[in-house]
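Trainee: These protein sequences, in sequence, are chains S and W.
First residue of the first sequence: 1, per the numbering used here; consecutive thereafter.
First residue of the second sequence: 1, per the numbering used here; consecutive thereafter.
Any given hint could be a false lead.
[Unchecked claim] Some but not every residue of chain S turned toward chain W, in silico, with C-beta under 7 Å: (1) 126; (2) 130; (3) 139; (4) 161; (5) 213; (6) 220.
Since the hints were derived computationally from the structure, they do not count as laboratory data.
Glycine included, C-beta positions come from ideal geometry on N, C-alpha and C.
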Amino acid sequence: MCVKRAPAPGAKIPLTADGSAIDTRNLGFTMSPHEECAVEEAVRLVEAHGGSATVMTLGPPEAAEQMRDGIATGADHGVLVETDRTDWDPQATAAALGEAIAQLQQEGARFDLVLFGNESADAAHEQVSVRVAHRLGLPIVNGIKGLETSDGHVALRRDTAAGSERYEVPLPAAVAVKKGLNLPRYPALKGRMRARKATVRTIAALHHPGGLTSHGLRYPPDETTETEILGRGADAAPRVVELLGEEGLT
Amino acid sequence: MSDATHGSNGQSGASQTVCLVLVEADGDAVCEATRQALTVARELAGTVEAVVLAADEELARRLAPALAAEGVARVHAVTDPLLAEYGPEAFGAALAQLIRSVEPTGVVAPGTARGNEIMAHAAAVTELSLATGCVAIAVDGDAWSVTRQRWGGVLWEDATLAASVKLATLAPHAVAVQPTPGLEHATVSTFACDLDPTLARTQVAQRTPLGAGVTLSTAPVVVSGGRGVGSAEGFAVLEELAERLGGAVGCSRVATNNGWRPHADQVGQTGTRIAPNLYIACGISGATQHWVGCKDAQRILAINTDPEASLVQRADYAVIGDVQTVLRAVVDELDRARQPADAGAGG
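So here's chain W without its partners, still in its complex pose (with noise of 0.2 Å):
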């Protein structure tokens, strides 16, 4: 592997523009939303170039070849000591740095939490203009034109993101991963930047993991309760339920602010916004809010005693009556689907 020291860039040429992609690794694979980020970054600028922020440039050469597969030709491995463990402001002027040093056309994140404060951090340090939670970007002369979600992606705002180096990021969900020929072969060149180390300060100084079982973000499924759940107690069988499917209790802010549930089970533009594969809305008529929350799921169940409820319209699927009358059933039924499985198959 013939890797070159940075700013050795034999093949640039006034014609080549370049688009960087801020890396997020999910342990040694770039997570999903990177890949939407490259997706979109690939049309953006002639060669695509990515951005892995660590201590050392380790990270960078694990995930260069997954890089290479999406077409990205350069892992620039971003490197300090500060880099260690995460801390916004590090992290944010470490790709200032190197934005600085390369001069791209462009910048084009996963709109993720951390994808969105890092880019945040970089955009206020270098002064450049930064345009979040974006759908689609398109390049228009020496600009950007983006469309970027607001009200959490029920209205869309067309925009010029016009700045010597375009910063962007893409809203989750947003965009589909394409598939591309791809390189053979990434090279990884190390930018070791120089941070100053009072940064420090904004470092994670602890981590608690989860305890086992799933979470709401990252469940399968999701069974949610609103009103029409009528009490704490009510949620017992939603429970249930979500215990036999593997899934998660989710609620709406109505649920949330009658004290039913904790803040942390919400979904919704203020809790959490989930995509799982199935979501099951008891008793939720739909706000604006809670639909933010939900829209991302690949089906949506509803259960409402009003037909007319703003999500039974938008539900693929509706079952019309009492969520306790409804979801008793389903359980019973689901018990009993199971026996006859169990014995015979096997599991």
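Chain S on its own, in the form it takes in the complex (with noise of 0.2 Å):
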């Protein structure tokens, strides 16, 4: 599984003063909660089927960290692809996370599903799933809360608004998964001490650039509403009903 160091945010989030970057001095960090579920549904394949499951992730050296997570969780091995503490931007990433794959395929790994969140929760590329799958010729389908594998292939649903649709992929695949794909455990404290001890390798980074250079991040323009008290308790009712009268619904 791929999964992604973000900031944990509260109700606002925090920029630093020039605007450049999220300050993240009193936020805490977390993978993705797509990601969560990711993690969570390669241990599980692994409990019923055998093999192992390896968390990967591109990163600064703290990300380290969120790969124990993963490791907490159940996962076998953790593999950081160390990067400078700056963003990269999706091509990028997923060059980079592409070739260390392909580089642990030619020491001998081989691996029958690649999972990814869907998106990251902070920059929501929704596209590095897809460019490493097509970098390792690999089938994808992404937004999927439903996965199940038989004998060669994997069976994926994906919900729309119209209602469902099913997809029946061959192995080896990547999919790209949603929160509600499972509900991730709370990691044991015997897969904390596990994960506090594993070794995590490294594999160095290189940086392709593509085309989307960021400039920073700032706040949309204020949608400041003034917010109009129809009451307190039980006798704000009427005016309550006023209002869906008003939106045409008594």
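Build the complex: two chains, separate frames, hints provided.
Mentor: Laid out in structure tokens, this is it:
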């Protein structure tokens, strides 16, 4: 599985004074929720069918923390594709991840499934998974909320506004999953101990920048809303029903 | 109708830039997200041409009048037997082949799940750069300057997209459709592509339609509950109100994590992002990841005991009080208000 270290914000995301980045001094870090489901799914598949699960991340040395979270959940190996501390564009990220996976394959590793989160919580480029799959020559489907392996195939379910779509993709394959696929477990103490001791392999990443160059972050123009207080408690009911009437709902 | 075959664009000149727009159809109509993409594309190039991916050119012909009205001069009917049913690899490869044939200045697609997926595949095949989730795109010399959503839209990122062909998707609900004089007629050009049959491996194998009833993503009204609802049973009064309003019930992450509601009901960055006419948020404080999922609602009514709650501050209307007390009173009041109306006006 490929995961990404991202800040874990509360109600407001702080920016640095020059607006170039998120001020992470007082923020914790986490892997994105979709990716937690990817890790959980991989661990469940290994529990059911044997084999092993490797969690991979591209990022600064600190991203080893998110990989250890993956190992604590039950993954067997961790690989850090190490970068400087800048945020790489999706083409550069995909190229480096693809090269790292290819390197592991050349060394004899064989992956039946390469799992991604559908998009990262912070950048949400929604394309790294697809670009890596193309580099590796693997089929890929995004937005998956149901996954079942059978003999040489994986059956995938994607929910749409009109219902659901089922895909039957031959293995090896790549899949980008969404939260709701499963309920990720909370790592047991034993897993945390194991994660602390586990060796994390580091592969140096080559930076091949793509054509999307970021100039910084800012808050959207203020959508200041004047909140109209309709009342307190049950006494507000007539005013609420009046509002529903204005919406054509009574 | 004098339809041209592909590549015979007689009026093409060096100064004539073409921007392609990937069309997502809603039956025989052009979907709202596509009209938003067309609005943006009209500012990016001299000519806007549309792309319809299907097994044959029938769909392109049916959509052509509506697309002409949006200022589209040409509709590329990109055809292959594999495009009879959706498959991300085949659709992406088909678009990639058209891009290489037309060499437009750029391609804009609706930033729906499918639009983003097709564009990611086309970008991977062509090795072109792609900016997803844009809220604004402008020409900047040979490049495009883009503003794109981060964190589901609570932050914006300014970036430069430099490529021989610029690929971008538009965040849903970010741009208002602008009226345009439109054109009398759009030419349909058929581009028969040559897809590798093995791409059938990611084609949809089976579809299961939703049962009858409103869904969270399309309901005009959503009544949503969070920590303040207190329990799974506490959602009963939300169900009552939603049923009376023809709406759907949603929830926050707290409600899902506590096992009060299934994840399918969750509104938020990792749940469903909704844009109903009215969003009634009951006992939801409004963390960033929830706000991202509901901020596109036309109007928001927050019900919360805490007047300082983030969602109360951001809502159009608020009622300060306990969810159960307030909603019970609202349901009763609504039933009272409806009785004489039903008797008098007959619906």
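Trainee: Determine for every hint whether it applies to the structure shown.
Mentor: How the hints compare with the structure:
The criterion of a C-beta within 7 Å of any C-beta in chain W is met by residue 126 (chain S), whose closest approach is roughly 5 Å, and the hint holds. The restraint placing residue 130 (chain S) at the interface with chain W holds, with a minimum CB-CB distance near 4 Å, inside the 7 Å limit. At about 5 Å, the closest approach between the beta carbon of residue 139 (chain S) and any beta carbon in chain W falls short of 7 Å, and the interface hint on this residue holds. A distance limit of 7 Å between C-beta atoms decides the matter here; for residue 161 (chain S) the minimum to chain W is near 5 Å, and the interface restraint holds.
Interface hint status for residue 213 (chain S): upheld, as the beta-carbon distance to the closest one in chain W is roughly 5 Å, under 7 Å. At a threshold of 7 Å, the smallest CB-CB gap from residue 220 (chain S) to chain W is about 5 Å, leaving the interface hint in force.
Of the hints listed earlier, there is not a single one the structure fails to meet.
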